[in-house]
Amino acid sequence: MEIKTIFLSAGIEVDVSFIKRVLLLIVLFGLSITSGFAALTIEITEGVESAVPLAIVPFASQSAPVNISSVVNADLERSGYFKMMAEQSMPSKPSTAAEVNFKDWQSLDQNYMAVGQVVDVGGGRYNVQFQLLDVYKGGQLLGFRMTSSEADLRRTAHHISDLIFEKLTGKKGVFSGRIAYITTNNQGNKKQSHQLQVADADGYNPQTVASSTEPLMSPSWSPDGKKVAYVSFEKKSAAIYVQTLATGERSRVAEFPGINGAPAWSPDGTRLALTLSKDGSPDIYVLNLSTLTVNKLTKNFSIDTEPSWSPDSNSIVFTSDRGGKPQIYMVPSQGGEEKRLTFSGDYNARASFSPDGKSLVMVHGNGNDYRIAVMDMATRSINVLTSGSSDESPSFAPNGTMILFASKKGRTGFLSAVSLDGKMQQKLVFNSGEVREPAWAP
Amino acid sequence: MKLNKTLLALAISTLLITACTDDAVDDSLTDGSQNATSGINDASTNGLNSGSGLNGSGFNGYGSGLNGSDDYASTLGPEFNDPSNPLSKRTVYFMLDSSEIMPDFLPVIAAHAQYLVANPSQKITLEGNADERGSREYNIALGEQRAKSVASKMKVQGVSENQINVVSYGEEKPAAFGNDETAWEKNRRVEIVYQPK
Numbered sequence: 421m422e423i424k425t426i427f428l429s430a431g432i433e434v435d436v437s438f439i440k441r442v443l444l445l446i447v448l449f450g451l452s453i454t455s456g457f458a459a460l461t462i463e464i465t466e467g468v469e470s471a472v473p474l475a476i477v478p479f480a481s482q483s484a485p486v487n488i489s490s491v492v493n494a495d496l497e498r499s500g501y502f503k504m505m506a507e508q509s510m511p512s513k514p515s516t517a518a519e520v521n522f523k524d525w526q527s528l529d530q531n532y533m534a535v536g537q538v539v540d541v542g543g544g545r546y547n548v549q550f551q552l553l554d555v556y557k558g559g560q561l562l563g564f565r566m567t568s569s570e571a572d573l574r575r576t577a578h579h580i581s582d583l584i585f586e587k588l589t590g591k592k593g594v595f596s597g598r599i600a601y602i603t604t605n606n607q608g609n610k611k612q613s614h615q616l617q618v619a620d621a622d623g624y625n626p627q628t629v630a631s632s633t634e635p636l637m638s639p640s641w642s643p644d645g646k647k648v649a650y651v652s653f654e655k656k657s658a659a660i661y662v663q664t665l666a667t668g669e670r671s672r673v674a675e676f677p678g679i680n681g682a683p684a685w686s687p688d689g690t691r692l693a694l695t696l697s698k699d700g701s702p703d704i705y706v707l708n709l710s711t712l713t714v715n716k717l718t719k720n721f722s723i724d725t726e727p728s729w730s731p732d733s734n735s736i737v738f739t740s741d742r743g744g745k746p747q748i749y750m751v752p753s754q755g756g757e758e759k760r761l762t763f764s765g766d767y768n769a770r771a772s773f774s775p776d777g778k779s780l781v782m783v784h785g786n787g788n789d790y791r792i793a794v795m796d797m798a799t800r801s802i803n804v805l806t807s808g809s810s811d812e813s814p815s816f817a818p819n820g821t822m823i824l825f826a827s828k829k830g831r832t833g834f835l836s837a838v839s840l841d842g843k844m845q846q847k848l849v850f851n852s853g854e855v856r857e858p859a860w861a862p
Numbered sequence: 439m440k441l442n443k444t445l446l447a448l449a450i451s452t453l454l455i456t457a458c459t460d461d462a463v464d465d466s467l468t469d470g471s472q473n474a475t476s477g478i479n480d481a482s483t484n485g486l487n488s489g490s491g492l493n494g495s496g497f498n499g500y501g502s503g504l505n506g507s508d509d510y511a512s513t514l515g516p517e518f519n520d521p522s523n524p525l526s527k528r529t530v531y532f533m534l535d536s537s538e539i540m541p542d543f544l545p546v547i548a549a550h551a552q553y554l555v556a557n558p559s560q561k562i563t564l565e566g567n568a569d570e571r572g573s574r575e576y577n578i579a580l581g582e583q584r585a586k587s588v589a590s591k592m593k594v595q596g597v598s599e600n601q602i603n604v605v606s607y608g609e610e611k612p613a614a615f616g617n618d619e620t621a622w623e624k625n626r627r628v629e630i631v632y633q634p635k
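Chains as they are written, first to last, in the numbering used here: chain Z, 421 to 862; chain A, 439 to 635.
Honestly, I wouldn't trust all of these hints.
These stretches of chain A come out as covered by chain Z in the derived footprint (C-beta under 8 Å, 3 or more residues) [unchecked claim]:
#1 565-574
#2 578-588
#3 612-624
Bear in mind the hints are in silico, worked out from the structure with no lab data behind them. From the three backbone atoms N, C-alpha and C, an ideal C-beta is built for every residue, glycine too.
Chain A extracted, bound-state conformation (with noise of 0.2 Å):
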């Protein structure tokens, strides 16, 4: 009988490895949806087929499918590519459920600050993340918090209030997957996002 447990047991698992090997799951850290900087996007909508007939065709193609440059900032001059330039850091990061700056991030702020009150016409885009713990619309929430204090600084510093939008992703538009605190930190974070003029 025990045999017969473990032959079966080993039969079953040999089938249900052999049935998953197509569609093996990216763990990779890297991976993320950092689309935040893509341009326009399109969403559609569709009807509902329930089954019995109803099938409303609703309207496709919200929108159209224009890319814009992922990462516009590092076109706009050599200091934004120097990594021992303050301006090359464009992600503000922040500790568990906290909107407060870092010290460590205070003089990347100033340099975008700086830049911006340098050059009156260039716009921004302070998208605020969250990490995946917690509830989705308070993620939202607590991401508005941090980029709005993100802006805040930048205010104080002379930057003027219609060069700065704000936007909060919450948890959806994660940096890093993964479960462990390794991938949260990189998702607490703000992404200064320089708007293409």
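Only chain Z is shown next, with the shape it has when bound in the complex (with noise of 0.2 Å):
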């Protein structure tokens, strides 16, 4: 199945040269023989043109269950920041900078590179040692030794794709994160299971968090990433549950008659912005969820929903269709003016801020093509990164430079990152159903 998407996707994305797609599937078959679980799969959507060589030698290794310099290279490479070497190009496979001949890699136009090994060390342990090169120095601009358990080793790759990626491009790694989605099964005889899962920021180690027969949605992180706030109809009618994570424990915080829905953290992690329609119309609520009151913010007779906060918690943005068709619009989020903030397209809902608050992610609707789009609050100019027809759910990397989406193909949805610029994207694959509803952590 994996590997069926790959040749579909790979197939249908034109500007991929044949040699590079040729390249990238066996890369990815390899990939996916040495994991065996949920994989990853790669789009290139565009050429990055200003992507930095970078070229990550294969760790010298004997009997490490996981392919750490693979697992490197996959988190790089969908950064979008670096042009990665394929293996095949390589004059050779230096395992310490001791061994490396900085001509032959600089005669290859590679600006950096790494190199490094695994030693088991006997008891489910391994020794990963790795160096970051400067190639035309000829220097080391990083170095590391760290041990790992077996069930660590992917956590600890993606620990060395943070360290490479903060150290060449001066923003924090977000390889190393975590994301929250919902996930649907068909349990035969008309019967789905509804799932809410944490994976890794690569969609590898799925862990199900929650379950039910009766649909799951709107995941949120608390700010702390210690808890996911979540919408579940398990009673035949909508709750939010507050959950925390390490222990499953959980709470029910708001269960009022009609809508309670679309629940977003503040960013000081004591109050929900929410959704409810106990008074009549859907309307935008503040929720503190240590007295579990309520504070309304519109009141309006049309739709408000989606709400989301601005970093300095000054601000909720939401979508309101009080316009005729759904908006984006502000308020304060102590109550007062509500301002329209989109006027292009005639569908821009579910925006969420950037983390420096300077842009605005939405969900961008022209037609029958829902697509992800950014706003600039300076500006109000609208950048639409992506091309599918139905892209959902955005969600914003803690660092800034991702996007984290949902998009359907016929009955499957699956997850996809994009570049800010939209010049990368990578699809996730799951070996689960349908997939959608990605929130990624603080």
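Since each chain comes alone in its own frame, lean on the hints to assemble the complex.
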């Protein structure tokens, strides 16, 4: 299944050269053999001209069950910041800086390279050592040695990706982060099983944290990454729960008549903005999590929903159809004047702020196409990043460099990430059925 | 070189095609999740195994898996199963992004309203739904508007407030799967679900 998807998507993407596609397939096929778990595929939607050439030399390894250097390679490739050197093009496979002949790599126009080794030290533990090298200066930029249990090898690889990314871009890496999402499996007999899952940022190591035969929706991370708020229909009506991930403990925080939806954590973690329709039409409220009292922010007769906080807590953006079609509006979080923000496109919904508060990501609809777009808060100009027909639920990476979103093809729902300039798009493929509503952990 | 490329591509696609046969995608348009009336459900939660030993167990088996009747209304009398009787129709369909009742469905709503007025102890749930286009929470709101417009038509005809329960599932419970109007029009709907007494 994973492999079929790779083939299909590679066949569809027209911008990828044939050779590149074939190489990609070989690399990915190798990857999925070693993992046999959820698999990641990469779609390159457009060449990234500004990408920096980087060679991750396969780490010397005798028996580690995770191919650390290929995980690192995949992480860094999909960031869109780097042009990764194909293993086939490498002149040699050094595993320490001392073994590197920099001239060889200079002549292949590589700016940076990483070398390393994984040593099985027994008892299910591994020593992982790597060095990041500046090819032109012939010197070391980073050097680390770490010990990892077998179970933590992927985590260790993501940590290495973060270190390399931060060293070369000055931005914090997001590869060891986590994502939450909803997945649905058909159980036969017209029964469905809905799960709230949490996985590594590349879709590996999925764990179910809540499941129900009735829909689950709208996961939202607490700012400390310890809790998730979500909507559950398990009692045949909507209610909002807050669940502590480490223990599985949860509490029901909103169960008013009608809609209890779209929870969004305040930046200080003490409140949830949400949608309630207890007074008639859906309106935006702020729920105090310690007193469980609600404060009504919007009082329109139309649909107001999908609140999201600005990083400074001062404002809340939301979707409203008060003008006829869904558009994005903004209201002070203490209540006040409601301002319309979007005017282009006949459908703008589910907006949320970038971590720096300078842009809004949203679902942007024109005709039958719903795509992910980013609006610059200063100029109000909208840049459409994706090219699908039903792209939805965008969520910013905590470093603001990528946006995770959900797409659909037929009955298959899948997650993709796109770089902020729209030039790099990656697709995450899970073993489970339909996957949707991704939320990147803070 | 050209030949090599083609051979390589062929070899790879054969590999890919054979690798995927055991996981065919079910494209059936009718295999929907029509379990809207399937009784009490269960939900469970788990702690997150963080890989470093944090392994909460949480609580499992929230509620029980009692299975109610899939279609209680069909047991209420022959008029609910007679295709020529409007009581046999228990789904109201809508236009895109609209919660306005189309004239075709007025007789259906009127028939159910009449039955409910005559049977004041009978309760129904109006389940609002939307097609998959657009954002999910907005579709929850849209589904609720649809269910409420059916509810208000019924109330005007004398059905008591406490006979009607409204819930919106937005796009979460599609009746038909697919990315075209054929599927979408089946999903923009309100289901009139009779509750067992």
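Hints, verified against the model:
1. 565-574: This one holds; 5 residues, not fewer than the three required, reach chain Z with a Cβ under 8 Å.
2. 578-588: Held - the segment 578-588 of chain A has 5 residues with a Cβ nearer than 8 Å to chain Z, which meets the minimum of three.
3. 612-624: Our answer is that it holds, as 3 residues pass the Cβ test (under 8 Å) against chain Z, meeting three.
Against the hints set out earlier in the document, no violation occurs for any number.
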